[in-house]
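J.: From first to last, the protein sequence lines stand for chains A and B. Residue numbers for the first sequence follow this note's numbering, beginning at 6 and rising by one. Residue numbers for the second sequence follow this note's numbering, beginning at 8 and rising by one.
These are calculated hints, taken from the structure and not from any lab test. Be aware that a few hints might be false.
[Stated by the list, open to error] Pulled from the structure, derived: some chain A residues nowhere near chain B, Cβ distances all over 12 Å:
#1 I24
#2 Y44
#3 M47
#4 Q70
#5 A95
#6 L98
#7 L106
#8 L118
#9 A129
#10 R179
#11 S193
#12 W194
#13 G204
[Unchecked claim] Simulated restraints, written as ranges between beta carbons of each label pair:
#14 P74/B with P121/A: 38 to 44 Å
#15 P74/B with R75/A: 26 to 32 Å
#16 P96/A with A211/B: 19 to 25 Å
#17 L170/B with H210/A: 53 to 59 Å
#18 L168/A with A204/B: 52 to 58 Å
[To be verified] Chain B is faced by these chain A residues, among others (derived, beta-carbon under 7 Å):
#19 A149
#20 M169
#21 R189
Yeah, the Cβ is synthetic: ideal placement off N, Cα and C, and Gly gets one too.
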Amino acid sequence: MTTRPISRSAALGGLCAPILLYSGAANAHLVNTRFGNFYDGMLHPLTALEHMIPWLAIGLLIGLQPRAGRWMLLTFPIGLALGTILAMLAPGLGFVTAINLGSFILLGAFVALAAPLPPAVLGALALALGISHGYSNGLAMNAATNPWLFTPGAVTVGYLVVLMAAAATAAVSRKWSAARIVVRAAGSWIFAIGVLMLGTSPIWHG
Amino acid sequence: MLIKPQSSLAAATAAALTLLAAGPAFAHTETGVAGGFTSGFLHPIFGLDHLVAMVAVGLWGAQLGRPAIYVLPIAFPAVMAFGGFLGVVGVPLPLVEVGVAASAIILGLSVAFVMKPSLTVAGLIVAAFAIFHGHAHGMELPDAANPLAYGVGFVLATGLLHLTGILIGLLVAFPAGARAVRACGAVIAAIGFYFLAASAGLVA
Numbered sequence: 006m007t008t009r010p011i012s013r014s015a016a017l018g019g020l021c022a023p024i025l026l027y028s029g030a031a032n033a034h035l036v037n038t039r040f041g042n043f044y045d046g047m048l049h050p051l052t053a054l055e056h057m058i059p060w061l062a063i064g065l066l067i068g069l070q071p072r073a074g075r076w077m078l079l080t081f082p083i084g085l086a087l088g089t090i091l092a093m094l095a096p097g098l099g100f101v102t103a104i105n106l107g108s109f110i111l112l113g114a115f116v117a118l119a120a121p122l123p124p125a126v127l128g129a130l131a132l133a134l135g136i137s138h139g140y141s142n143g144l145a146m147n148a149a150t151n152p153w154l155f156t157p158g159a160v161t162v163g164y165l166v167v168l169m170a171a172a173a174t175a176a177v178s179r180k181w182s183a184a185r186i187v188v189r190a191a192g193s194w195i196f197a198i199g200v201l202m203l204g205t206s207p208i209w210h211g
Numbered sequence: 008m009l010i011k012p013q014s015s016l017a018a019a020t021a022a023a024l025t026l027l028a029a030g031p032a033f034a035h036t037e038t039g040v041a042g043g044f045t046s047g048f049l050h051p052i053f054g055l056d057h058l059v060a061m062v063a064v065g066l067w068g069a070q071l072g073r074p075a076i077y078v079l080p081i082a083f084p085a086v087m088a089f090g091g092f093l094g095v096v097g098v099p100l101p102l103v104e105v106g107v108a109a110s111a112i113i114l115g116l117s118v119a120f121v122m123k124p125s126l127t128v129a130g131l132i133v134a135a136f137a138i139f140h141g142h143a144h145g146m147e148l149p150d151a152a153n154p155l156a157y158g159v160g161f162v163l164a165t166g167l168l169h170l171t172g173i174l175i176g177l178l179v180a181f182p183a184g185a186r187a188v189r190a191c192g193a194v195i196a197a198i199g200f201y202f203l204a205a206s207a208g209l210v211a
C-alpha cells in the first residue's frame, strides 16, 4: 500500500474546519448588543416633536446668522451632554419641561424676527437649552441603560440635526433671498406652536 | 322541504341590502402623534370659512406687494397663536363664528377692490381676525389625541394655505391674472356672507 503525502494547505484546511463549528452568531444589528443603548439615545429625541422642533429652530437660527451663531454648534452638544448627566444626578427637576416649552417661543421668535444677536448670547442660549433638552432625554434612562452609550447617542443626533438644519438654511438663504423669508415664516410657526402649547400647561387648568 | 325560488331571492336581496349598511373599516385608528397631527392639519382645511380666509391673507399680501407679502403671513400665525392660547385655556371669546365669517368678508372685499392701506393698518386688520381663527382652533386642541402634534398640524396647514394664497396672488403680475385674483376675492367675500348668514340662523 502506498500512502500519498498530504499537502500543507489540505492539512491547514482540515484543522480550520472544526474551528468553524465553534463560531457564534453574527449580529448584523448592534441593537441586539449593549451598544443598542447608543441607538436608544439617538432615537429618543429623534422621535419626539418636543425636542425635534426646537432643535430644528436652533439650526434655522444658526443658518440665518452663521458667523455669530457658529458658537451654538459647539455649546449645544456640550449642553446636551451636561443635561443628560444632570438627569442622572438630580432626576426631580420638573420645571425643565417648562423651559423646553419656552424654547419653542424664544427660538421661534428669534428666527421670525431674524434679529442679529451677539455670539456670546447665542452660545449661552444654546448651552442652556442643550442642558434642559438633554435633561429631559436623560430622564428616559432606566437602571438597565448604559449612560456612557445613551449620552453620546443623544449628543450625536442633537449635533447632526442642528448642523444639517444650519447648513441647509445658510446655503439656501445665501443663494435665494426669498428662502430667508420662508425660514422666518417657519420661525413664526414654531413660535405659534409654542404659544398654543403654553395653554396646555397645568398652571392654567388648576 | 324545498325552498321556493322566490323566498331564496328575497333572502339574497335582504342580505345584499344589509351589506349596504356596513360601515367603513379603518385600518388606522388615528391615535397618538399621527392622529393629533391629522386632526390638526385637517381642521383649517375642512373648515371652509377658515380655508378661504387663510387664502385671502395670502392673496391680499400678494396684491400689496413687499413687504406685506411676507409680513402678513409671518404675523398671522404669531397673533393667531394668542387666540389659540385663549381657546386652549378656556377663556371665552364672544361671536367667534361671526368674527371668522367677517374675516372672509373683509379680507375678500379687500382683495376684490384692491384696497391698499398702510402696512400697519393691513397688519392690524389681519391680526384682529387671526385672534378669532386661533380661538376656534384652540378650543379643539385639548381634546386632540396628541395636543403638540395637533398644534404642529394646524399651524402647518394654516401656513400652507397662506402660501397657496400667495402663489395664486402672484398672478397679479399679469392683467388677466389680476382680474382673476380680484374675482377670487369676490368669491371669498360671498362665502363669508354665507357663513355670516348661517351663524345668524338665516340659512341652514
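J.: Take the hints in turn and mark each one as holding or not.
T.: Each hint, compared with the structure:
1. With a least beta-carbon separation of about 50 Å from chain B, I24/A lies farther than 12 Å from that chain, consistent with its non-interface assignment.
2. For Y44/A, the condition that its CB be more than 12 Å from all CB atoms of chain B holds, with the nearest at approximately 20 Å.
3. Residue placement check: M47/A keeps its beta carbon more than 12 Å from all beta carbons of chain B (closest about 18 Å).
4. A cut-off of 12 Å between C-beta atoms confirms that Q70/A is not in contact with chain B; the least separation is 17 Å.
5. For A95/A, the condition that its CB be more than 12 Å from all CB atoms of chain B holds, with the nearest at approximately 26 Å.
6. Every CB of chain B lies more than 12 Å from the CB of L98/A, the least distance being 21 Å, so the non-interface label holds.
7. A Cβ of chain B approaches the Cβ of L106/A within 12 Å, the least distance being about 9 Å, so the stated non-interface status is violated.
8. At roughly 9 Å, the least C-beta separation between L118/A and chain B is not larger than 12 Å, which violates its mark as non-interface.
9. The beta carbon of A129/A is kept farther than 12 Å from every beta carbon of chain B, the shortest such distance being approximately 25 Å.
10. Even its closest Cβ contact with chain B, about 18 Å, leaves R179/A beyond 12 Å, as expected for a residue assigned away from the interface.
11. At roughly 5 Å from the closest C-beta of chain B, the C-beta of S193/A falls inside 12 Å, breaking its exclusion from the interface.
12. With 12 Å as the threshold on Cβ separation, the claim that W194/A sits away from chain B is violated: the shortest Cβ distance comes to roughly 5 Å.
13. The claim that G204/A is not at the interface with chain B is violated, since a C-beta of that chain comes within 12 Å of its own (minimum 3 Å).
14. In this structure the supplied range 38 to 44 Å is violated for P74/B paired with P121/A, their Cβ-Cβ distance being about 18 Å.
15. Take P74/B and R75/A: their Cβ atoms lie about 29 Å apart, and the range 26 to 32 Å holds.
16. One distance hint, 19 to 25 Å for the beta-carbon pair P96/A and A211/B, is violated here, with the actual separation near 57 Å.
17. Distance hint check: the CB atoms of L170/B and H210/A are about 34 Å apart, inconsistent with the given range 53 to 59 Å.
18. For the hinted restraint 52 to 58 Å between L168/A and A204/B, the CB-CB distance of approximately 54 Å keeps it satisfied.
19. Below 7 Å, beta-carbon pairs count as interface contacts, and A149/A has none with chain B, the closest being about 25 Å; its hint is therefore violated.
20. Hint status for M169/A: violated, given a least beta-carbon distance of 19 Å to chain B, over 7 Å.
21. The beta carbon of R189/A is positioned within 7 Å of a beta carbon in chain B (closest approach about 6 Å), and the interface hint is therefore held.
The structure is inconsistent with the numbered hints 7, 8, 11, 12, 13, 14, 16, 17, 19 and 20, although it conforms to all the rest.
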